[in-house]
Each structure stands twice: as C-alpha cells, then as structure tokens.
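*Asks:* Here is how the chains run, residue by residue.
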Amino acid sequence: MCMYDVIVIGAGVTGCGIARELSRYDWKVAVLERASDICEGTSKANSGIAHAGFDARPGSLKARLNVEGSRMMEGLSKELDFPYKRNGSLVLCFREEDRETLKRLLEQGRENGVEGLEILEREQVKELEPNVSDEVKAALYAPTGGIVCPFGLTIALGENAAVNGAEFFLNTEVREIEKTGKGYRLLTGRGSFEAKAVVNAAGVYADRFHNMVSPEKIHIIPRKGEYCLMDKKVGGFVSHTIFQLPTVYGKGVLVTPTVHGNLLAGPTAVDVEDPEALNTTQAGIEDLLRRASLSVRNLPVKQVITSFAGLRAHEEGDDFILGQAAGAPGFFDAAGIESPGLTCAPALGKYMAQLVREYLPVPEKDSFVAVRKGIRGMASATAEEQKRLIAENPLYANVVCRCELVTEGEILDAIHRPLGATTIDGVKRRTRAGMGRCQAGFCSPRTVEILARELGKDAGEICKNGENSRFLTGYIKDGIQGEA
Amino acid sequence: MEKDLVIIGGGPAGLAAAIAAREAGVEDLLVLERDSRLGGILNQCIHNGFGLHTFKEELTGPEYAGRYIEKVLEQKIPYKLNTMVIDLEAEESRKKVTVMNREEGLYQIEARAVILAMGCRERARGALNIPGYRPAGIYSAGTAQRYVNMEGRMPGKEIVILGSGDIGLIMARRMTLEGAKVKLVAELQPYSGGLKRNIVQCLDDFGIPLKLSHTVVDIKGKERVESVTVARVDENLKPVPGSEEEIPCDTLLLSCGLLPENELSETLGVKMNPVTGGPEVDESLETSREGVFACGNVLHVHDLVDYVSQEAAQAGKNAAAYLSGSRSGQGRGIPIRAVQGVRYTVPSSVDVSRMEETQVVRFRVGNVFRNAAIEVSCGGKILKSQKKQILAPGEMEQVILKRAELEQIEDPEEITVSVRAESRGRD
Numbered sequence: 007m008c009m010y011d012v013i014v015i016g017a018g019v020t021g022c023g024i025a026r027e028l029s030r031y032d033w034k035v036a037v038l039e040r041a042s043d044i045c046e047g048t049s050k051a052n053s054g055i056a057h058a059g060f061d062a063r064p065g066s067l068k069a070r071l072n073v074e075g076s077r078m079m080e081g082l083s084k085e086l087d088f089p090y091k092r093n094g095s096l097v098l099c100f101r102e103e104d105r106e107t108l109k110r111l112l113e114q115g116r117e118n119g120v121e122g123l124e125i126l127e128r129e130q131v132k133e134l135e136p137n138v139s140d141e142v143k144a145a146l147y148a149p150t151g152g153i154v155c156p157f158g159l160t161i162a163l164g165e166n167a168a169v170n171g172a173e174f175f176l177n178t179e180v181r182e183i184e185k186t187g188k189g190y191r192l193l194t195g196r197g198s199f200e201a202k203a204v205v206n207a208a209g210v211y212a213d214r215f216h217n218m219v220s221p222e223k224i225h226i227i228p229r230k231g232e233y234c235l236m237d238k239k240v241g242g243f244v245s246h247t248i249f250q251l252p253t254v255y256g257k258g259v260l261v262t263p264t265v266h267g268n269l270l271a272g273p274t275a276v277d278v279e280d281p282e283a284l285n286t287t288q289a290g291i292e293d294l295l296r297r298a299s300l301s302v303r304n305l306p307v308k309q310v311i312t313s314f315a316g317l318r319a320h321e322e323g324d325d326f327i328l329g330q331a332a333g334a335p336g337f338f339d340a341a342g343i344e345s346p347g348l349t350c351a352p353a354l355g356k357y358m359a360q361l362v363r364e365y366l367p368v369p370e371k372d373s374f375v376a377v378r379k380g381i382r383g384m385a386s387a388t389a390e391e392q393k394r395l396i397a398e399n400p401l402y403a404n405v406v407c408r409c410e411l412v413t414e415g416e417i418l419d420a421i422h423r424p425l426g427a428t429t430i431d432g433v434k435r436r437t438r439a440g441m442g443r444c445q446a447g448f449c450s451p452r453t454v455e456i457l458a459r460e461l462g463k464d465a466g467e468i469c470k471n472g473e474n475s476r477f478l479t480g481y482i483k484d485g486i487q488g489e490a
Numbered sequence: 003m004e005k006d007l008v009i010i011g012g013g014p015a016g017l018a019a020a021i022a023a024r025e026a027g028v029e030d031l032l033v034l035e036r037d038s039r040l041g042g043i044l045n046q047c048i049h050n051g052f053g054l055h056t057f058k059e060e061l062t063g064p065e066y067a068g069r070y071i072e073k074v075l076e077q078k079i080p081y082k083l084n085t086m087v088i089d090l091e092a093e094e095s096r097k098k099v100t101v102m103n104r105e106e107g108l109y110q111i112e113a114r115a116v117i118l119a120m121g122c123r124e125r126a127r128g129a130l131n132i133p134g135y136r137p138a139g140i141y142s143a144g145t146a147q148r149y150v151n152m153e154g155r156m157p158g159k160e161i162v163i164l165g166s167g168d169i170g171l172i173m174a175r176r177m178t179l180e181g182a183k184v185k186l187v188a189e190l191q192p193y194s195g196g197l198k199r200n201i202v203q204c205l206d207d208f209g210i211p212l213k214l215s216h217t218v219v220d221i222k223g224k225e226r227v228e229s230v231t232v233a234r235v236d237e238n239l240k241p242v243p244g245s246e247e248e249i250p251c252d253t254l255l256l257s258c259g260l261l262p263e264n265e266l267s268e269t270l271g272v273k274m275n276p277v278t279g280g281p282e283v284d285e286s287l288e289t290s291r292e293g294v295f296a297c298g299n300v301l302h303v304h305d306l307v308d309y310v311s312q313e314a315a316q317a318g319k320n321a322a323a324y325l326s327g328s329r330s331g332q333g334r335g336i337p338i339r340a341v342q343g344v345r346y347t348v349p350s351s352v353d354v355s356r357m358e359e360t361q362v363v364r365f366r367v368g369n370v371f372r373n374a375a376i377e378v379s380c381g382g383k384i385l386k387s388q389k390k391q392i393l394a395p396g397e398m399e400q401v402i403l404k405r406a407e408l409e410q411i412e413d414p415e416e417i418t419v420s421v422r423a424e425s426r427g428r429d
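Keeping their order, the protein sequence lines are chains A and B.
Oh and the first sequence: position 182 is 188 in this note's numbering, straight run, nothing missing.
Oh and the second sequence: position 422 is 424 in this note's numbering, straight run, nothing missing.
To be clear, the hints were calculated from the coordinates, so they are not data collected in a lab.
Misleading hints may appear alongside valid ones.
As a list, the in silico DSS-like pairs of lysine-lysine whose alpha-carbon atoms are at most 30 Å apart [stated by the list, open to error]:
{"hint": "1", "chain 1": "A", "residue 1": "Lys-238", "chain 2": "B", "residue 2": "Lys-159"}
{"hint": "2", "chain 1": "A", "residue 1": "Lys-483", "chain 2": "B", "residue 2": "Lys-213"}
{"hint": "3", "chain 1": "B", "residue 1": "Lys-390", "chain 2": "B", "residue 2": "Lys-58"}
{"hint": "4", "chain 1": "A", "residue 1": "Lys-223", "chain 2": "B", "residue 2": "Lys-224"}
{"hint": "5", "chain 1": "B", "residue 1": "Lys-183", "chain 2": "A", "residue 2": "Lys-463"}
{"hint": "6", "chain 1": "B", "residue 1": "Lys-183", "chain 2": "A", "residue 2": "Lys-308"}
{"hint": "7", "chain 1": "A", "residue 1": "Lys-393", "chain 2": "B", "residue 2": "Lys-98"}
{"hint": "8", "chain 1": "B", "residue 1": "Lys-224", "chain 2": "A", "residue 2": "Lys-308"}
{"hint": "9", "chain 1": "A", "residue 1": "Lys-238", "chain 2": "B", "residue 2": "Lys-58"}
{"hint": "10", "chain 1": "A", "residue 1": "Lys-308", "chain 2": "B", "residue 2": "Lys-273"}
{"hint": "11", "chain 1": "B", "residue 1": "Lys-78", "chain 2": "A", "residue 2": "Lys-483"}
{"hint": "12", "chain 1": "B", "residue 1": "Lys-58", "chain 2": "B", "residue 2": "Lys-78"}
{"hint": "13", "chain 1": "A", "residue 1": "Lys-223", "chain 2": "A", "residue 2": "Lys-188"}
{"hint": "14", "chain 1": "B", "residue 1": "Lys-224", "chain 2": "B", "residue 2": "Lys-185"}
{"hint": "15", "chain 1": "B", "residue 1": "Lys-240", "chain 2": "A", "residue 2": "Lys-308"}
{"hint": "16", "chain 1": "B", "residue 1": "Lys-222", "chain 2": "A", "residue 2": "Lys-238"}
{"hint": "17", "chain 1": "A", "residue 1": "Lys-483", "chain 2": "B", "residue 2": "Lys-183"}
Just chain A, with the same shape it has in the complex:
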C-alpha cells in the first residue's frame, strides 16, 4: 500500500502538465498510467497546434486557458526545451456569405484576449501563402498561433515533474476507486494506492473514473480524427497553419507545417464507441485529403509518409470539466479535454494545482527545479554543435536513423534520462528515430538491439509500445515441426 497526497490518473499532456505544477509543492505526488510510456493516448496523435484562442466561447474555461496557454508556450518551450514555433495561423473563408462568420470569429477572439487578429483579403492571403486555394475570399489571421511538438511538450512536462519528485507508475491501470476516511483508494493491476486527493486526467476514460465516485454522471465520447503526414520535402508547402471556418464538429481540416518540418493534413471528426479505436479508415483518409484539398492547391498527396488516428475526449457540455466532482470531495476532474487541450496544458496544470491547493493547503518547495534540458539532436544542431557533441561522446557520430539523422548518442540519452524510453515508440517519440520517410525500415532492428542491450533484456522482449506488442516472435528454426 502506497500513501500519497495527490494521485494523478493519466500521463498524457494534461496529466503531465498537472503533475509538473503539483510538483512545485510539498506534496507526495504519484501519476498512474495504464500504458507503457507517458504520452500514449490523445497526446500522441493530434495536430500539434498551439492555438491562438479565438475558437472558444468567451467566458469558457477553454477560452481562458487557451489564451493563457498560448501566451505561456514560448517561455515554457525555452524553460523545458521542447520544439515550438510561432508560425501564425489563417482561417480561410471561401464564400462571401461566410464573411459574417469570419468577423464573428475575429470579435470572439478579441473578446478572449487574442492579440493581433486581423481579417486579410484574398490578395493578402495569397501573398502570405501562395499555395492557398484560388477560391479563398478572405481569412482571419492570428499571428500568435503556433506549432508545437506534442511529444516534446508532454515528455518535457512529465520528465520535469519526475525530476521534482512526482512518482510515475507505468503499466498501472486503475480498475476501481474506493472512498476512504482520508481520501481515496485506487485499485490497480499493480497493487493499491491511497491518496488524499485524486486528479482525473484520464482522457477518453475520464468518465469511467468520474462516474465511480460521483453521482452526477458525465459521458465522454471518443471523437476520432485521422491525419496524413507528408515528407519533409514538402514541409514548406505552407508556412502558416491553415484552418477552414469551424463547423459543429470542431475546427475542420487543417493543413500545417509541423514544428519538425513535415506537412500535416487532418483531422476528420467521427464519433466512435471504442475508446481504443485508433485505426485509420479508407473513408477517413479519403475524406481528409479531399477536405484539405479545399484549402490548398495541389496538396502533395503522393508525399504521404504515414497516416494515423487520434481520439478526442469530447464531452457533451462542450467545455472542459475542471474541478471537484459533485459529491466527491478531493476528487478533481480534468475531463473533456479536447482541442485546444494541448495548448491549454501548461495553464490547465496551474489552474488545477490551485484548486488542489485550496483543498489541501501546502507550502511551495524550495527545491523545485523549473529548467529541463531536452535531448540534444544532431539533426537540428549547427555544424559546430555537432562537432562538440561528437567530441564529448563519439556515439553522436553513430547514425541509427538515416532519414531523421538520429544517432546512438541521442537514443542512449532517451533511454537513460528520467522517465526514459523502454519501447520502440518511446525512443521514436523522444528522438524521432523511425519518424522519417522510410518509417523505421532501416533503424528499427538497430533500435531493438540498443534497447535490449541498455535495458539488459533479450531483443525478443522489446515491444513497440504495449506489453503485447513484441517485435519478434522467436528464433529461426523454432517453428519447424517433424521427426528429428
């Protein structure tokens, strides 16, 4: 039995953001995560956008935390060393009769406190983005819109929380929650945990935990979004994030450069029942490419290197559910965190830590370390930095992933740092090994070998992500049957 002050359920960007803020205070904090790594749910499959904040209804938590998060992002990206770029965004309007809607969006944005918004006419839009569709009539320009690496942000928050004392328990699925005299008991596949306060940041599963303790039920609908990622060769196809006017299902399909220089199109929006339905579909991919092609001319669909799907944790109330669950003192929800959840995460963490503090007063720690250094990447380093890295550690000259220029030095760092990688996907999200155009064809055998060596395991035990996702099924000759 382990006793904590606060337990966070879920190690996605929301859970990690909350854990980091909780770790500023003199609490004993644990984070329970069912997957084998942090950043394994919605946080790993989304648009990677740091939204400006004009979409949400004024007065909503979404609006407030979005604008706050957007303002924090640049400073935080320096403090925690993750890739972020303020590239600006455009919302395109294709019909004269939609100008009113565009204008309302501008006004809404201003009311939310978004700075620098303006409406651009067709010619100005074409000047900014020559590949935009000829059908465009006008666009809302938001200079504060940005792009961020969703893995980089989540892992940075998680690592920093861990360094500051938050204990992460991976492969630890919460099955039941019981009320105790002092707080809550969480029964998991790896024993039970007790805490005075619980923060529910379980993404598409947040309703399950909320409904275990509160008589006022909530319902999370997994809303699938499919994406196509294109080669870095066409990363410069657009330089801003290109949205279309929003619909009831969200912000519509976007076309954007990623912070690492790829081109991304998506997402679709389809409600599904299975909270693990991370499959892409023929119809979905066709639909997203068709819709993305409305925004830009000659979308380079031949350059697609991978497609993927994520699930938004959509809640019917259409705003974040943040705060104590009804009838469950000390049980805090961070539920219904769909877009712009990634952008909000840093601000949401602060907000949640304040709520918990009001419930469970605590002093700040003197020992909190706010700064974290990320993995130094050869691909983004200057020639001088590359030379210095190799001089410090010759393994930085040993290329493992050719497409993204990831070296053994970086992979070792990814494995051995706090909350280090133990899976192929874990290495991939921390270093980009396998994210390039060959999609791990060349590097995965090498990555398996390095992981096995460093973790003291057999290569056969190395998994892609979950415990049942082994890469290898045995040795040769194993399966041969017959008389000896």
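Got chain A; can you put chain B on it based on the hints?
*Replies:* Coordinates of chain B only, in the frame set by chain A:
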C-alpha cells in the same frame, strides 16, 4: 581531406565502381559505407542465384559481394565503414562531402569526382496508405529479411505478404523454410512485380497462393497484428466492395516497390528523373552535375545484381576518364526518349562522339506485353527491332546502341525506344 574520387556507398554498385576506377588508373579514391561491413544489402540475401551472368555460376549474396570485397582488398582500395555522409555540396567543379563516424568525428572531404551508389529503400506502409491499426508485426520484407538472416530472429509466425516484389517472394520461401506459415501473397497490379523465376521457385514450389489484383484494405490488432483484410481491386486499382476476406495472421510483410535513396543527390541539386526516382544520366552515367556519376539502385532499381555491377563498372571507368581529362568529344547528347509502353531509359541521352563502340540502354515497360517487339528508332529510321515473347514491368530490359549506326544518321534529334505490341496480355 582531399580525394580525387569519393564513392558514396560500399554495396555492389560502390564496390564495382571502385574496382573499375582503380583499374582505370585512379589512385586517390575512397569508398564510404554507412554500415559496419562492405557488401550492402547482399549481406542479408543468403539465397542463391546471384552472379549467373558475371561469374557463370550461382552464388549467394554474401558470396557475390565477397568476390568484389576481395578485389577491393587486393587492390588496397581505401574504404571507411560506419561512416555516414550527411551533406553533399558542389562549388564549381569541387564537391564537398561532409561525413561523420565514431573514430574521426565530423569532417569534410573535398573531391574532384563523386560516384553516387547509395542504393534504395523499401516503400513503407505509410506511403501505401493502408488503413487500419498500427500494431507491431508490420515490416517491410527487407527488414524481416535482416531479422531472419542476420540476427536469427523470427518477426512472426503467420504471414501475409502484400506486394510481389522480389524480396517479398524470397521472404515467402525463407519464412516457410523457417517454419512460418505464409498464407497469401497479394499483389495490387494484375501482374507480379517480381521475376518469373522467383514466383516459380518461391511461391509455386511451396504452394503459397498469389492473388493478383488484390490489396490489403484493413489491418486489425491493437498491439500486435491479429488479421488483415484483403480485397480484390478493379481496373482503377480501387477495392471492390463485397470482395473482402479477413485473414488471421500475426505479421504483414510489405514488398511494394523500392525507392532510390536520393536525398543526398537532391541536396546537390542534380536533375532527377520522376519515373525512376534517380538522377538523369548521360552515356557516361554522369548526372547533370559535372563530375558526379550515379550507378546501381540509386540510379534506377535493378532486378539482378549482375547488371548493377556492370553499370557501376562503367561509372567507375567514366569517372576515371573524367579525372584524367581523357574524355573525348564534347558534342551534344542526343536525348533518348521512352515512348509507347516504355517507362524510362538509362541513360537518357547519348553523346555519339563520346560513346564507346556500344552502349547498353536499360529500361522497364509499363505493362505486360506478349509477342511484342522492342523498337529503337532514330532520324526516322528503325535501328533495331527485337522480338520478345513477353515483356513485364518486373523484368528490366535492355537494348544495345552501336556507335557506327548512330554515326551514319545525319543530325539525329532523338532516339526513341518503344514497344510495338502484337497483343497486350494479363498474366
């Protein structure tokens, strides 16, 4: 560091180019190999069938590579292993090759000439846009080949293979021999992408079904592959609703084409051929950048390593001639155009004043043709008409141009290579 000739890649192309260059008198050359040994992909091709043309005997991949590696050692041709070229620039006629390795760190080599011999990679699932889950158990055929042949590990037990490229066919047999069950090879096109002999020896002999005009339309399994769904496709290669069949398996191997690895060539700004994915070259196998040559699978994907070696030897010899300034002529190249059933040619131009007595022109056709003829024309004259019982995209073809013949044509504007079809068949 300065070198007369730098060869990027120590696979079959790089090795043959290096040997030919040395034999033609280049003393100051260097082969750069990113892997831990010479020989490239041949090291994992432990099946036999290599070298029938070159050595008149059947060798395994490592044996074939071994013959060239021996020569490289004999001739004391310098090479560096575990060395990655990370940048390639050209200033006037000087080429700057940025490399790195553990021992020497990061540095630049200035080269007077460069031979590109980086090979190719396999087309990945993402580029095929196969819908479904993304579990463990989806590998390119070459990755599986590496696991089985070099590491002694099995990537799966119940296999479906998409694509009938040669590596996929070879792996169907290999996995079967190692005790796995290969349930099906599905091929999107109405013809196979591999060599006929591989279909016979690797599928037919083992009773492995090949379904043409079929593709994978879904992959199930959240952590490891549990099944794939295969469907028939129509003439436009679109899946036919109602034809789906779900096949339980733990592994999907992909053998859906090879792509020349030209990222470095592109940073150098050489002119590319959109059909091959490789550089455009003339009869010297020289790219649009002076003193930069290309050969092997980085130039266009071959079926047989023997032809890679031949082509690479030509590149090596021509690089030597370039370096010694002994290249004759400086006339204009006649473009070679691929028309009517022919997808591309290598080379794509020929300079008559510079060419040797004969010049091999290699190409692929875009469909299956039966009882057809390959025609080469120039200046309104048919230079050659070669009858062929069968022509297929999976088999590289060649014609030989003769200098004497071309010299007789006044002011030739272009040479065309085409297929004259008697009948176009489905195999």
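*Asks:* Take the hints in turn and mark each one as holding or not.
*Replies:* Right, here's what the structure says about each hint:
With a CA separation close to 35 Å, the supplied pair Lys-238 (chain A) and Lys-159 (chain B) exceeds the 30 Å bound. A C-alpha spacing of about 28 Å is found between Lys-483 (chain A) and Lys-213 (chain B), which places the hinted pair at or below 30 Å, so the restraint holds. Taken as a hint, the Lys-390 (chain B) and Lys-58 (chain B) pair is honoured in the structure, with Cα atoms around 24 Å apart against an allowance of 30 Å. At most 30 Å may separate the alpha-carbon atoms for a hinted pair to count; Lys-223 (chain A) and Lys-224 (chain B) meet this at roughly 29 Å.
Among the hinted pairs, Lys-183 (chain B) with Lys-463 (chain A) is consistent with the structure: their alpha-carbon atoms are about 28 Å apart, no more than 30 Å. Proposed proximity of Lys-183 (chain B) and Lys-308 (chain A) is contradicted: the alpha carbons are some 34 Å apart, above 30 Å. Restraint check for Lys-393 (chain A) and Lys-98 (chain B): the C-alpha separation of about 17 Å stays at or below 30 Å, so the hint holds. Between Lys-224 (chain B) and Lys-308 (chain A) the CA atoms are separated by roughly 27 Å; this keeps the pair inside 30 Å, and the hint holds.
At most 30 Å may separate the alpha-carbon atoms for a hinted pair to count; Lys-238 (chain A) and Lys-58 (chain B) exceed this at roughly 44 Å. For the hint linking Lys-308 (chain A) to Lys-273 (chain B), the alpha-carbon distance of about 19 Å falls within 30 Å, and the restraint holds. Restraint check for Lys-78 (chain B) and Lys-483 (chain A): not satisfied, since their Cα atoms lie roughly 40 Å apart, outside the 30 Å limit. Taken as a hint, the Lys-58 (chain B) and Lys-78 (chain B) pair is honoured in the structure, with Cα atoms around 26 Å apart against an allowance of 30 Å.
Restraint check: the Cα-Cα separation between Lys-223 (chain A) and Lys-188 (chain A) comes to about 23 Å, which is no more than 30 Å; the hinted pair holds. A hinted pair counts as satisfied when its Cα atoms are at most 30 Å apart, and Lys-224 (chain B) with Lys-185 (chain B) qualifies at roughly 21 Å. Between Lys-240 (chain B) and Lys-308 (chain A), the direct Cα distance comes to roughly 16 Å. Compliance with the 30 Å bound is thereby established for this hinted pair. The straight-line distance between the Cα atoms of Lys-222 (chain B) and Lys-238 (chain A) is roughly 29 Å, inside the 30 Å bound, and the hint therefore holds.
With a CA separation close to 13 Å, the supplied pair Lys-483 (chain A) and Lys-183 (chain B) stays within the 30 Å bound.
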